[in-house]
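Put together the whole structure using the sequences plus the hints.
Quick mapping for you: the protein sequence lines, in order, are chains A and B. Mapping to the numbering used here: the first sequence position 215 is 610, numbers consecutive. Mapping to the numbering used here: the second sequence position 96 is 100, numbers consecutive.
These are calculated hints, taken from the structure and not from any lab test. Quantities reported herein were computed from a predicted structural model and do not represent experimental measurements. Every residue, glycine too, gets a C-beta built ideally from N, C-alpha and C. Hints may contain errors.
[As the list claims (entries may be wrong)] To give an idea of the chain B side of the interface with chain A (calculated C-beta under 10 Å), a few residues:
1. Gly31
2. Gly60
3. Leu91
4. Phe151
5. Val157
6. Trp167
[Stated by the list, open to error] Pairs of lysine-lysine, DSS-like flavour, derived with a Cα cap of 30 Å:
7. B/Lys96 to B/Lys130
8. B/Lys161 to A/Lys597
9. B/Lys109 to A/Lys597
10. A/Lys634 to A/Lys498
11. A/Lys597 to B/Lys156
12. A/Lys824 to B/Lys83
13. B/Lys156 to B/Lys96
14. B/Lys96 to A/Lys824
15. B/Lys83 to B/Lys96
16. B/Lys161 to B/Lys109
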Amino acid sequence: MAEITSLLHGFGVALSPFNVMLMFVGVVLGVIIGVLPGLGGANGVAILLPLTFTMPPTSAIIMLSCIYWGALFGGAITSILFNIPGEPWSVATTFDGYPLAQKGRAGNALAAAFTSSFVGALVAVILITFLSPVVAGFALRFGPPEFFSVYLLTFCAFVGMSKGQALKTITSMMIGFALAAVGLDTVTGQLRLTFGFTELLKGFDFLIAVIGLFGIGEILLTLEEGLAFKGARAKINVKVVLETWRELPRYWMTSLRSSAVGCFMGIVPGGATPASFMSYGVAKRFSREGEKFGTGQVEGVVAPETAAHAAGTSALLPMLTLGVPGSPTAAVLLGGLLIWGLQPGPLLFQEQTEFVWGLIASMYLGNIAGLIVVLTCVPLFAAILRIPFAIIAPVIIVICAIGAYTVHTSMFDVYLMLVFGVAGYVMRKLDYPLAPLVLALVLGDRAEDSFRQSMLLSQGDLSVFFSNALVGGLTGFALVLLFWPVLAAGLRKIRGG
Amino acid sequence: MHDDHDRPAASTRTVELVVAALIFAFGATVIWDSVRLGARWGADGPQAGYFPFYVGLLICLSTGVVFFRALTSRAQSSKPFVGRAALAQVMKMLVPSIGYAVLIKLVGIYVASTLFIAFFMRWLGKSPWAKTAAVALGVSVVFFLLFEIWFKVPLPKGPLEGWLGLD
Numbered sequence: 396m397a398e399i400t401s402l403l404h405g406f407g408v409a410l411s412p413f414n415v416m417l418m419f420v421g422v423v424l425g426v427i428i429g430v431l432p433g434l435g436g437a438n439g440v441a442i443l444l445p446l447t448f449t450m451p452p453t454s455a456i457i458m459l460s461c462i463y464w465g466a467l468f469g470g471a472i473t474s475i476l477f478n479i480p481g482e483p484w485s486v487a488t489t490f491d492g493y494p495l496a497q498k499g500r501a502g503n504a505l506a507a508a509f510t511s512s513f514v515g516a517l518v519a520v521i522l523i524t525f526l527s528p529v530v531a532g533f534a535l536r537f538g539p540p541e542f543f544s545v546y547l548l549t550f551c552a553f554v555g556m557s558k559g560q561a562l563k564t565i566t567s568m569m570i571g572f573a574l575a576a577v578g579l580d581t582v583t584g585q586l587r588l589t590f591g592f593t594e595l596l597k598g599f600d601f602l603i604a605v606i607g608l609f610g611i612g613e614i615l616l617t618l619e620e621g622l623a624f625k626g627a628r629a630k631i632n633v634k635v636v637l638e639t640w641r642e643l644p645r646y647w648m649t650s651l652r653s654s655a656v657g658c659f660m661g662i663v664p665g666g667a668t669p670a671s672f673m674s675y676g677v678a679k680r681f682s683r684e685g686e687k688f689g690t691g692q693v694e695g696v697v698a699p700e701t702a703a704h705a706a707g708t709s710a711l712l713p714m715l716t717l718g719v720p721g722s723p724t725a726a727v728l729l730g731g732l733l734i735w736g737l738q739p740g741p742l743l744f745q746e747q748t749e750f751v752w753g754l755i756a757s758m759y760l761g762n763i764a765g766l767i768v769v770l771t772c773v774p775l776f777a778a779i780l781r782i783p784f785a786i787i788a789p790v791i792i793v794i795c796a797i798g799a800y801t802v803h804t805s806m807f808d809v810y811l812m813l814v815f816g817v818a819g820y821v822m823r824k825l826d827y828p829l830a831p832l833v834l835a836l837v838l839g840d841r842a843e844d845s846f847r848q849s850m851l852l853s854q855g856d857l858s859v860f861f862s863n864a865l866v867g868g869l870t871g872f873a874l875v876l877l878f879w880p881v882l883a884a885g886l887r888k889i890r891g892g
Numbered sequence: 005m006h007d008d009h010d011r012p013a014a015s016t017r018t019v020e021l022v023v024a025a026l027i028f029a030f031g032a033t034v035i036w037d038s039v040r041l042g043a044r045w046g047a048d049g050p051q052a053g054y055f056p057f058y059v060g061l062l063i064c065l066s067t068g069v070v071f072f073r074a075l076t077s078r079a080q081s082s083k084p085f086v087g088r089a090a091l092a093q094v095m096k097m098l099v100p101s102i103g104y105a106v107l108i109k110l111v112g113i114y115v116a117s118t119l120f121i122a123f124f125m126r127w128l129g130k131s132p133w134a135k136t137a138a139v140a141l142g143v144s145v146v147f148f149l150l151f152e153i154w155f156k157v158p159l160p161k162g163p164l165e166g167w168l169g170l171d
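If you want it as structure tokens, here you go:
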């Protein structure tokens, strides 16, 4: 088993005192980011990314990915104690988590949420360990048509799996593509969509978009809903944790199912948020106590948390092996890779083994560190939300402004961030999803390049995307996902009629 | 949901129509510029505007449908997009934030941040002067240490830092 040897080597890299320290720093920062309104996994990592420019890439990605794990854990705290989902993927956790807290079982709900997050992540990391070398090996043979079909799959999955209106998902994604096209066209050297503005020559940086859309937009949304946070107090101690752990094995089937849902949705980029809803729905249907869901069932916390964490973690698999991120946060990490001078994709597994396996090993360790931190420090993190909003809000805006400025040391980006913030606020209110915009902005150029290269190879013949079993299968699967809502409705009609 | 205390500032339908129209205009701009660049098939493959042309076309098509649906559907029309009080809250954040961005350019990020945080704490939070000063100054000093000293990431500075000899 070559993977085991590589993994052990990775543990050697990740376990240096400096990296372990960064892991804990990352997790603590991540939980704080997850708890605070306006800061989440994607923009939190985006803001801190410039601070890692001078670090060795392996240490940098360990810290940033640990921020991501921390944010995944942190979202559950506000959902359960305050009924405010700190992150979109913890919305489903409020359904049963908050009723549990109201019944005085906040400690149990938190312990269950953290433990199932850990389980979901663990399943996903094991999957990454054994599947990613295979996928990477496979992808080495990819040419431009194959890569384009993978991008197509990513985007079609978003449209087909979206919960809201498919048209708005498409609109949002196309805006992302259009913004990605702004600036110098790398193939012809022509300027696109710049209209004579020199600031637009280098195009839109998705990090600025992420900070504005998710950060400023979120703050504005939070303000509208009022400033006071009223929350349940959490008592979490060894007794409560052990009590919960004794209860959890009963839900092994739910855990298993939710992990599977989560891993699938993470790899085929549906993302953590739909995964958590889907898993909650599935658990409700299959559970013997399904009708009691929503009144404070531990199982109703286990299902979405396991799936969200499994999806959040497995979203890194396509990012590492193919260079196609499965979630906005994975997209930011991908941006980091490029900045540190690493080319994500199949070659990473051959040329940067220390980086890749150090990162994978750190996923195991980071999640253990995360579990320890959240189980021991919940009251501390909950106290953050008791700081008056009149202090928190301006400080978060200051942090966002600094983050936006440091990406390119440019004041223009700070103004742009505010514009994206207002856009994010309006789009969120009208149910335009933001994740497709960000992913399209990140992948737009490369999707276009692979499309144009394919077209050059085939001399404009679109059948190149069906020219062999592999590319044909990927394109076909993409189309199935794109029209999935229509197909599913059709199937139901056939079965019902 | 209707809230008697917070009269709607705009209906969701109106905002939906306006936003769809704006995005449509954006899409049209993309198409226009792509046609200018050439959105056809050149001798050496797709031209620079080829890909953006279809992107713009999809934007126009999908927002066109969204616009038309919002126009004909009655379901959304009564739903308020945002209440007046809620909008006022949002503006209380947004307008000073814009002022803050302008201030960064003038006096540097540290002085601007101190003023911005202090303004909020006094105005919205009604904090006492001593607490306001302590938090506002404290945050800026911590950021200064963090960025300028430890991580060596220079942020925009103004006349005060120059006068103190800190840049």
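Problem set entry | Structure versus earlier hints, numbers of those that do not hold, lowest first | Hints 6, 13 not satisfied by this model.
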